[in-house]
Each structure stands twice: as C-alpha cells, then as structure tokens.
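Asks: This is what each chain is made of:
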Amino acid sequence: MIEETKTLERNRRLLMDRSVPGRVGVALPALDVPPQPLPAQEQLRDELVLPEVSEGEVVRYFTGLSQMNFSVDTNFYPLGSCTMKYNPKINDEVAQLPGFSQIHPLQPEETVQGALKLAFQLQGFLSEIVGMEATSLATMAGAQGELAGMLMIRAYHLSHGDKSRRTVLVPDSAHGTNPASAAMCGFQVVSIPSDARGNMDVDALRQACNSETAGLMLTLPNTLGLFDINILEICRAVHEAGGLVYGDGANMNAMLGQTKLGELGFDVLHINLHKTFSTPHGGGGPGAGPVCANSLLAPFLASPVVERATHSDGNKETYRLTEPEHSIGKTAAFHGNFGMMVRAYTYIRGLGAEGLREISENAVINANYILSALKDYYHLPYDRSCMHEVVFSAKTQKAGGVSALDVAKRLIDYGIHPPTMYFPLIVEEALMIEPTETESKETLDYFIRVMKDIALEAIEDAQVLKDAPHNTPNSRLDEARAARRPDLRWKQAEA
Amino acid sequence: MHQGRLSSPYVPNTDGDRKAMLQAIGVESVEALFADIPEGYGRPSLDLPSPLSELELRRELQALSDLNSTPGRVPCFLGGGAYHHYIPAVVNHVISRGELATAYTPYQPEVSQGTLQAIYEFQSLVCQLMGMEVANSGMYDGATALAEAALMACRVTGKGRIAVLDTVSPTYLSVIRTYTEPQGLEIYLTGPDASGVQEDTACVVVQHPNSYGYLEELEALGRIVHEKGALLVVSTDAVFLGMFRPPGESGADIAVAEGQPLGVALSYGGPYVGLFTCKTEFLRQMPGRIVGKTVDTQGRDGYVLTLQTREQHIRRERATSNICTSEALIGTAVVAYLACMGQVGLRHIAELTYHKAHYAASLIGRIPGYSLPIDGTFLQEFVAQCPIAPGEVNRRLLQEGIIGGLDVSDRIPNGLLLCVTEMNTRQEIEFLAEALGRIAQSGK
Numbered sequence: 001m002i003e004e005t006k007t008l009e010r011n012r013r014l015l016m017d018r019s020v021p022g023r024v025g026v027a028l029p030a031l032d033v034p035p036q037p038l039p040a041q042e043q044l045r046d047e048l049v050l051p052e053v054s055e056g057e058v059v060r061y062f063t064g065l066s067q068m069n070f071s072v073d074t075n076f077y078p079l080g081s082c083t084m085k086y087n088p089k090i091n092d093e094v095a096q097l098p099g100f101s102q103i104h105p106l107q108p109e110e111t112v113q114g115a116l117k118l119a120f121q122l123q124g125f126l127s128e129i130v131g132m133e134a135t136s137l138a139t140m141a142g143a144q145g146e147l148a149g150m151l152m153i154r155a156y157h158l159s160h161g162d163k164s165r166r167t168v169l170v171p172d173s174a175h176g177t178n179p180a181s182a183a184m185c186g187f188q189v190v191s192i193p194s195d196a197r198g199n200m201d202v203d204a205l206r207q208a209c210n211s212e213t214a215g216l217m218l219t220l221p222n223t224l225g226l227f228d229i230n231i232l233e234i235c236r237a238v239h240e241a242g243g244l245v246y247g248d249g250a251n252m253n254a255m256l257g258q259t260k261l262g263e264l265g266f267d268v269l270h271i272n273l274h275k276t277f278s279t280p281h282g283g284g285g286p287g288a289g290p291v292c293a294n295s296l297l298a299p300f301l302a303s304p305v306v307e308r309a310t311h312s313d314g315n316k317e318t319y320r321l322t323e324p325e326h327s328i329g330k331t332a333a334f335h336g337n338f339g340m341m342v343r344a345y346t347y348i349r350g351l352g353a354e355g356l357r358e359i360s361e362n363a364v365i366n367a368n369y370i371l372s373a374l375k376d377y378y379h380l381p382y383d384r385s386c387m388h389e390v391v392f393s394a395k396t397q398k399a400g401g402v403s404a405l406d407v408a409k410r411l412i413d414y415g416i417h418p419p420t421m422y423f424p425l426i427v428e429e430a431l432m433i434e435p436t437e438t439e440s441k442e443t444l445d446y447f448i449r450v451m452k453d454i455a456l457e458a459i460e461d462a463q464v465l466k467d468a469p470h471n472t473p474n475s476r477l478d479e480a481r482a483a484r485r486p487d488l489r490w491k492q493a494e495a
Numbered sequence: 001m002h003q004g005r006l007s008s009p010y011v012p013n014t015d016g017d018r019k020a021m022l023q024a025i026g027v028e029s030v031e032a033l034f035a036d037i038p039e040g041y042g043r044p045s046l047d048l049p050s051p052l053s054e055l056e057l058r059r060e061l062q063a064l065s066d067l068n069s070t071p072g073r074v075p076c077f078l079g080g081g082a083y084h085h086y087i088p089a090v091v092n093h094v095i096s097r098g099e100l101a102t103a104y105t106p107y108q109p110e111v112s113q114g115t116l117q118a119i120y121e122f123q124s125l126v127c128q129l130m131g132m133e134v135a136n137s138g139m140y141d142g143a144t145a146l147a148e149a150a151l152m153a154c155r156v157t158g159k160g161r162i163a164v165l166d167t168v169s170p171t172y173l174s175v176i177r178t179y180t181e182p183q184g185l186e187i188y189l190t191g192p193d194a195s196g197v198q199e200d201t202a203c204v205v206v207q208h209p210n211s212y213g214y215l216e217e218l219e220a221l222g223r224i225v226h227e228k229g230a231l232l233v234v235s236t237d238a239v240f241l242g243m244f245r246p247p248g249e250s251g252a253d254i255a256v257a258e259g260q261p262l263g264v265a266l267s268y269g270g271p272y273v274g275l276f277t278c279k280t281e282f283l284r285q286m287p288g289r290i291v292g293k294t295v296d297t298q299g300r301d302g303y304v305l306t307l308q309t310r311e312q313h314i315r316r317e318r319a320t321s322n323i324c325t326s327e328a329l330i331g332t333a334v335v336a337y338l339a340c341m342g343q344v345g346l347r348h349i350a351e352l353t354y355h356k357a358h359y360a361a362s363l364i365g366r367i368p369g370y371s372l373p374i375d376g377t378f379l380q381e382f383v384a385q386c387p388i389a390p391g392e393v394n395r396r397l398l399q400e401g402i403i404g405g406l407d408v409s410d411r412i413p414n415g416l417l418l419c420v421t422e423m424n425t426r427q428e429i430e431f432l433a434e435a436l437g438r439i440a441q442s443g444k
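Protein chains in written order, with my numbering: chain Z, 1 to 495; chain H, 1 to 444.
These aren't lab readings, by the way, just hints derived from the structure by calculation. On a predicted model such as this, the values are computed, not experimentally measured, just so you know. There may be inaccurate statements among the hints.
[To be verified] To spell it out: a stretch of chain H is covered by chain Z in this simulated footprint if at least three of its residues, at any positions, have a beta carbon under 8 angstroms from a beta carbon of chain Z; those stretches are:
(1) 10-23
(2) 36-42
(3) 171-183
(4) 200-210
(5) 237-251
(6) 257-269
(7) 380-394
Glycine included, each C-beta is placed from N, C-alpha and C at the ideal position.
Turn these sequences into a full structure, and let the hints steer you where they fit.
Replies: Structural data, given as structure tokens:
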C-alpha cells in the first residue's frame with residue numbers, strides 16, 4: 001500500500017517540480033554559420049522558466065500519466081454520442097510517413113500531388129457515402145463543421161437577397177454545439193420539442209416554420225439513438241418554408257450504407273472523422289469535421305477544396321487547391337487537419353462499400369443487444385429498437401437514492417468507462433450507451449452482467465455505488481471547489 | 001486456401017455471434033432493425049473502390065506519399081505560419097501511446113487524470129512562455145485562436161469594431177472575417193500607429209513578429225490602444241518566445257500563438273494547436289476548455305475540467321464559443337517538446353534560427369539585384385525584394401531542387417518571404433544564395 005501510494009505521488013509531481021538546473025531532454029546541434037549581431041537587449045527576454053529534465057525522466061513521466069487514463073486501447077468505452085471505436089494502427093502508421101507528416105502546407109502544388117490526390121479522393125468518398133454533391137475538408141472539428149455549415153446557410157439566403165431569415169430551429173434533444181454554432185452565426189435559436197416516441201414533434205415544427213426560418217439543425221439518428229420516422233416530412237416542412245436542413249453527422253456510424261442523408265433531404269452536413277471514420281480522439285482532439293453539401297450549397301463550402309484538372313495532353317491528371325465560387329471563406333490557417341484525412345482515407349480504402357455497411361449493421365446489432373438485455377433492469381424511456389446507441393434512464397434507481405452518476409462511476413470499478421450521462425437533456429437521469437461495432441459479444445455480455453449487478457447493488461448496497469470509483473488515482477473530485485477557487489497553472493511552492 | 005473476402009479485423013462479430021444476438025433481440029434479420037428508414041431510401045449502393053488488405057493499404061499510401069517532396073530531403077525556405085523545426089524522438093513516442101491517443105475528452109476525471117494533468121502542464125507552460133496570467137487548454141490552430149481572441153475582446157468590452165494592423169497575415173485576417181462578420185462585428189485595417197482606433201474599438205489585433213517576420217512596436221501600440229479603452233490582442237510565434245520579450249511583458253491583454261513550431265509535425269497544415277492566453281480578469285470570457293486543480297473526497301490533489309458554465313454543453317446558445325475540442329493530444333506534444341528542450345534548449349533553438357536566418361539575409365542582401373526592403377528586427381523570416389517576379393524565382397529554384405519562399409508580391413513589390421530555421425544547414429543556405437544569384441544573372 002505504501003509502495004502504491006508512492007508510485008502515484010511520483011506520477012503526480014509536475015514537470016516544474018522535477019526541474020533541476022543543467023538537465024536537458026535532447027541533444028542539440030552547434031551553430032554552423034558565422035554568428036550574427038544580436039538585436040537590442042530591450043527586445044530580448046530576461047527570464048524564461050521551463051522545466052529542465054533528462055530524456056529518460058520525460059518518458060517515464062508521460063508513461064506514468066498515460067497509465068492514469070482509461071482509453072479505447074485499454075478499456076471498453078461505451079460513451080454515447082462519441083463513437084469510441086477501435087482506432088486501427090495502420091492508419092496512424094501511414095499518417096506518419098514523411099511524405100505526409102513532414103510536408104509544408106504552403107509547398108508548390110506540384111510538390112504535393114500525392115497529398116492533394118488523397119484529399120480529392122476522400123472528398124469524393126465522403127460525398128458518395130452521404131449522398132451529397134461536394135465536400136470541403138477544411139473544418140477541423142465537428143463543431144467547426146457546424147459553424148461552417150450554418151454560415152453556408154446564412155450566405156445562401158443572403159445571396160438570394162433574403163435578409164429576414166434570422167432563426168434556426170434546433171430540437172430539444174440536440175447537442176449543445178448546435179445552438180452554440182447557430183448563435184456564432186448571429187442566428188436566434190428556437191427549440192423544437194420531441195414527441196412521446198422520441199421523434200421530433202412535426203406539428204410543433206410546422207408551427208415554428210415561417211419566413212424567418214433560416215433552417216433546421218438535426219442529428220440523424222437523433223441523440224436518443226432513434227431514427228426519426230418523420231424525416232421526409234420534417235425536411236419537406238422546412239423546405240416549404242424556404243429554410244434549409246443541416247445535418248449533425250455525429251451519429252453517422254449507424255448510417256453507413258444504410259441510407260444517404262442527402263437523399264432524405266438534408267442540404268448540408270458535417271462528418272466527424274474521429275467518430276465514424278476511426279481517427280483517435282486524442283483525449284479531446286485533434287478531430288476533423290468535413291462538411292458535405294448538395295448542389296445548392298456546394299458553392300458556399302469553406303475554402304479550400306481540392307479540384308482535379310486534366311492537362312491538355314489528356315493523360316496526366318493534376319490536383320490543385322481552389323476556393324468555391326461563393327465560399328464562406330477560410331476556417332483554418334491552412335487546409336484542415338490533413339493528418340486525420342490520411343487516417344480516414346486509409347480506413348475507407350480498407351473497408352470498401354460492404355465493409356462500411358457491416359460497420360453500421362454491427363454497431364446497431366450491438367446496441368440493440370444491450371437494449372434487450374437491460375431493459376428489465378433500467379427504465380427504457382422509448383421502447384423501440386434503437387440505432388447505434390441506446391438511452392436508458394436510471395430514474396427507477398434514483399427513486400431509491402442512486403443516481404445515473406453513481407451507476408456510471410461504479411462501472412469504473414469493473415474497468416468500464418462510464419456511458420454519457422444526463423444527456424440528452426430531455427431524458428431524466430440519462431445513461432447513453434454506445435458500444436460500437438468493434439466490441440465483441442463477450443465484452444457486451446460482461447458489460448450486461450456488470451450492469452445487472454449494479455442494478456442489484458443499487459437496491460442492496462447503495463453506498464458502494466456512492467463511494468465509487470474505488471481503485472482509481474482519485475476518488476470523486478470536488479468540482480465546485482475547482483470553479484470557486486480556480487487553480488489553473490503551476491506556481492512556485494512557497495518556501 | 002480461403003476464397004473471397006475475409007471478414008474485417010475491426011469487427012469481431014462472427015456470423016454465429018450475429019445470429020445469436022439477433023435471436024436475443026427478437027428479430028429475424030438485421031434489416032428489421034433498420035425498418036424506420038423510409039421505404040425506397042434504404043441500403044443505397046455505394047460507389048467506392050474495392051477494399052484493400054493491410055499490406056495493400058501500406059503499398060498504396062506509400063505510393064501516394066512518394067508523390068510529395070519532403071522538406072529536409074529537399075531544401076525548403078517556407079514559413080508563413082507553419083515552421084520546420086526539429087522534433088525530438090520522445091515527442092512522437094509520447095503522443096503515440098494509446099492510453100493518451102485513444103482516450104476521450106476528460107469529462108470523467110477519475111479515469112482521465114493522465115490527460116487532465118497533461119493539460120494542466122500545458123496551461124502552465126504556455127503561460128510561462130507567453131508571460132501571461134492564464135491559458136486555456138488549446139484551440140484548433142493559431143488562426144482560429146486569433147479569431148476567437150477578437151470575438152472575446154468584443155464580449156469583454158461590449159464594443160463591436162475590431163481594428164487589425166495591416167501587417168497581419170492575410171490568411172489570419174480571412175479567418176477573423178469568417179468568425180466575426182456574421183455576428184455583425186466590423187473589421188477595419190489600420191497602420192502601425194493605430195491611428196484609426198476610436199472609442200468604439202473593441203481591440204487592436206497585431207501580429208508580433210508580423211506576417212513579414214518583423215517585430216512591431218508593441219509597447220507603444222499598447223499605450224495608444226489602452227488610452228482608447230480597447231484591448232491589445234497579440235498573435236505571436238512560439239519559438240520567438242524562446243529569445244524575445246513575451247507579449248505579457250509588452251501590454252497584451254489577450255495573446256495567442258500557433259503551437260505547431262513546438263514539436264508538432266508540419267503535416268500539410270494540421271492538426272496543430274492554438275495557444276490562447278489572457279489576463280486573469282477576463283478568465284470567464286475565455287473560449288474553450290480549462291483544467292483546474294482540486295481535491296478528491298480523500299483530500300488528494302487531482303484535476304478536473306472547470307469553469308464549464310462558459311461552454312456549449314452547459315450554456316448552449318449563450319456559450320462563449322461553440323468549440324468542444326482542445327487539440328489535447330497536440331497540446332501534449334507541445335508539453336513533451338518543452339520538457340525536452342527546457343529553457344536552455346528552447347533559447348538555443350531560437351538562437352540557432354536567428355543566426356542562420358540572419359546569415360541567409362546577409363548573403364542574399366549582397367547579391368546584385370536583390371535587396372532587403374524592410375529594416376527591422378526579425379527571428380526567422382524576412383522579405384527579399386527580387387529582380388524578377390517572385391513566382392518566377394520560385395519556379396526556377398524548384399528546377400534546382402529548392403522549395404523557395406512565399407510570394408508576397410501582392411503586398412510588397414517583388415517581395416519573397418523567406419524562412420530559415422535550425423533545420424536549414426549552412427550548405428542549404430549557401431546553395432539558396434548561389435541559386436538566387438544565378439536566377440538574377442539569367443533573368444536580366
């Protein structure tokens with residue numbers, strides 16, 4: 001026990017507290033040109049404080065940090081709406097080829113034809129998968145894709161001289177990024193309720209649609225993990241009012257080869273490469289959020305996009321960066337998160353059409369398997385088959401004094417990452433479980449067994465849930481104190 | 001020999017598993033689970049190339065990457081917002097660890113202390129580097145960090161006009177426009193004397209060093225800006241801070257930088273990370289994630305995401321930003337890089353860069369036909385005025401196997417922005433100067 005505590009304490013010591021003057025973590029070269037006159041002293045800094053540690057210490061420190069994390073590589077991670085699937089290692093390896101990882105974003109186009117060809121093909125793959133006309137890879141995260149998509153809708157209306165469209169409709173089950181992105185475009189957000197079956201309330205939608213409606217932001221399947229059965233009617237209602245439909249692609253993992261959002265009536269959508277297309281989440285980025293648009297909105301895509309040109313001799317193709325005709329402009333210093341594009345491209349090339357279809361099928365089978373095994377143990381607010389994720393409510397347990405949070409924290413004791421909790425906001429004590437297709441039946445059976453045990457514990461030994469987790473580097477943390485007395489950086493210990 | 005397609009290595013369910021699971025669910029077939037999709041819209045054909053095995057994937061991607069020319073293998077003198085610096089082996093090792101790379105955003109602190117502590121380190125070291133009081137856990141890149149800084153200045157001051165110095169990078173300016181104009185905010189350009197700053201100006205945005213590589217008069221600018229009740233928003237360069245006075249010592253209210261030079265691969269423009277710092281008084285108007293130190297139920301120190309009431313998942317349309325990532329893994333690369341370098345190492349890298357860039361400038365300034373039109377202090381980038389169009393100079397350099405500089409002739413007549421870092425050898429620099437000499441000769 002003493003030994004274990006000491007190991008933990010070693011992990012917790014910050015780099016600055018490990019610093020010893022004179023140590024360095026990498027051997028640096030000497031100057032190989034004649035020294036040049038230095039600038040005036042007042043332009044130089046007097047003091048720079050950074051940690052001085054040896055190379056071995058750096059490696060041991062970060063290895064220690066990594067061991068305090070749950071991750072997809074080490075744990076089942078059924079975190080709803082996040083699609084924590086296995087991230088294939090070949091994707092990471094090829095992204096690190098020097099021809100991809102070491103090229104400068106401003107190189108002449110003739111020196112980066114391989115990169116441009118890859119991006120061009122990926123644009124085409126994504127457009128095909130979602131049934132859209134064109135794709136821009138320039139946006140660096142899902143939320144930025146939303147921002148770009150809503151800016152495109154805004155620009156479209158303005159280009160038609162329509163300045164009255166100031167409101168954006170967002171279902172009450174939406175991700176927080178949806179209203180936040182709409183607000184960043186200057187739109188007013190109007191919330192649309194859901195019906196008793198977990199679909200959008202179409203009557204309420206119709207009443208909300210008018211000549212001020214710029215568009216609707218909709219996740220499909222929705223954040224309850226349900227395919228909205230009125231989707232065609234919803235898109236029609238918005239279009240009839242002169243609005244456009246934005247698709248939040250967060251849940252695309254259920255849709256691959258099952259249906260195309262572009263054909264259902266969506267005008268523009270983003271895709272999270274870090275969810276559906278398996279690029280690692282990185283502990284909160286980097287991700288990538290390409291935007292796909294139909295022919296109405298394609299001219300407004302973020303800049304740049306890659307286009308193919310066939311030369312006059314007819315047999316040599318070249319690729320170049322270009323700005324769409326009515327582009328909303330640039331959303332990044334350069335061309336987007338290229339490293340993520342290489343990984344997603346590799347993933348799609350490895351799977352092909354049938355491989356992608358199998359992903360959605362198995363993601364949906366796995367979620368429904370959990371749904372049917374646990375619905376007698378946890379309240380199921382919408383009793384119908386789900387897509388890639390299932391939302392339970394711990395309200396039965398709550399009545400006995402145990403919250404969704406307690407259930408989730410107890411899962412940690414069994415080596416399982418908590419599901420998403422308290423989201424969507426319309427489900428009381430929500431537990432949102434997304435197993436993904438990369439988990440085996442054995443893992444799901446283990447999870448089901450654990451969830452049943454926890455349901456029993458909630459009745460027989462609630463305290464063990466409230467004290468959970470028991471074996472992590474920290475027990476539950478005081479978040480109120482963190483916010484009340486912000487301690488946001490290392491400071492020199494007082495002598 | 002197995003015939004036909006082998007099953008995917010990423011999907012463990014066998015036909016037998018699927019059958020058993022469908023039976024447990026109580027449906028005949030998987031199609032039944034997709035019955036909510038409207039008729040006629042289900043199972044569309046997907047026109048995608050046939051799948052490849054891992055062996056074939058490696059071959060295909062290698063072939064694509066071989067079509068690109070890699071700086072280092074060919075001499076390259078491009079900067080313009082992304083910089084070729086040495087990355088210690090440790091950095092890639094650290095961020096390749098699956099426990100860090102395949103974790104999610106640390107909303108569950110008990111199982112995310114590794115990521116959280118790494119972010120706290122990031123915030124600490126970024127503050128120290130920038131000489132600023134508080135940092136968030138990272139933005140998408142340097143350009144979006146600057147755009148968000150301008151938005152934040154408008155929130156803080158309650159004013160709606162943003163002055164941008166005319167030496168700010170046109171790319172950064174266009175990202176600022178994308179982010180701010182839809183909210184009805186007004187952008188206008190101003191000269192280095194900030195003469196256009198009025199009482200209704202929220203902030204003055206300055207790049208230091210500017211987009212030509214040269215230092216601005218930050219202190220003087222800050223005085224003018226503050227007199228008018230506006231904020232000074234500074235975008236700086238990360239390696240520059242190893243040697244030069246940081247924005248926090250020169251009056252910056254909000255300071256941002258591109259984190260890429262600190263151990264992040266060029267990777268054709270991303271993923272990078274934006275460094276974002278400000279004065280403590282503006283903390284609650286910051287965009288993005290912030291990690292704070294606290295204690296657990298047993299009194300032990302630990303870290304959590306904090307001040308989340310600013311963020312989209314709580315505040316929705318009233319959030320300070322829609323951002324919901326912090327480029328955490330890239331931030332971790334920055335921490336690993338700074339740990340390897342230490343204060344002595346980073347200063348050394350900055351000085352190597354400084355001397356090499358000035359050596360290059362001194363050679364090029366002496367070539368007949370070339371001149372250095374801007375007189376000022378720089379670290380790694382400078383503008384050379386060419387005897388012929390810079391686009392043509394770059395084309396001829398490429399014929400000699402050199403990737404030249406950035407053509408800025410739209411802003412400076414015949415201007416070529418050249419960048420030299422510690423990665424450029426003396427031979428490369430002299431080869432560039434010789435080639436430029438030949439081009440001047442033959443161009444006459």
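Asks: Looking back at the numbered hints, which does the structure fail to meet, lowest number first?
Replies: Violated: hints 4, 7.
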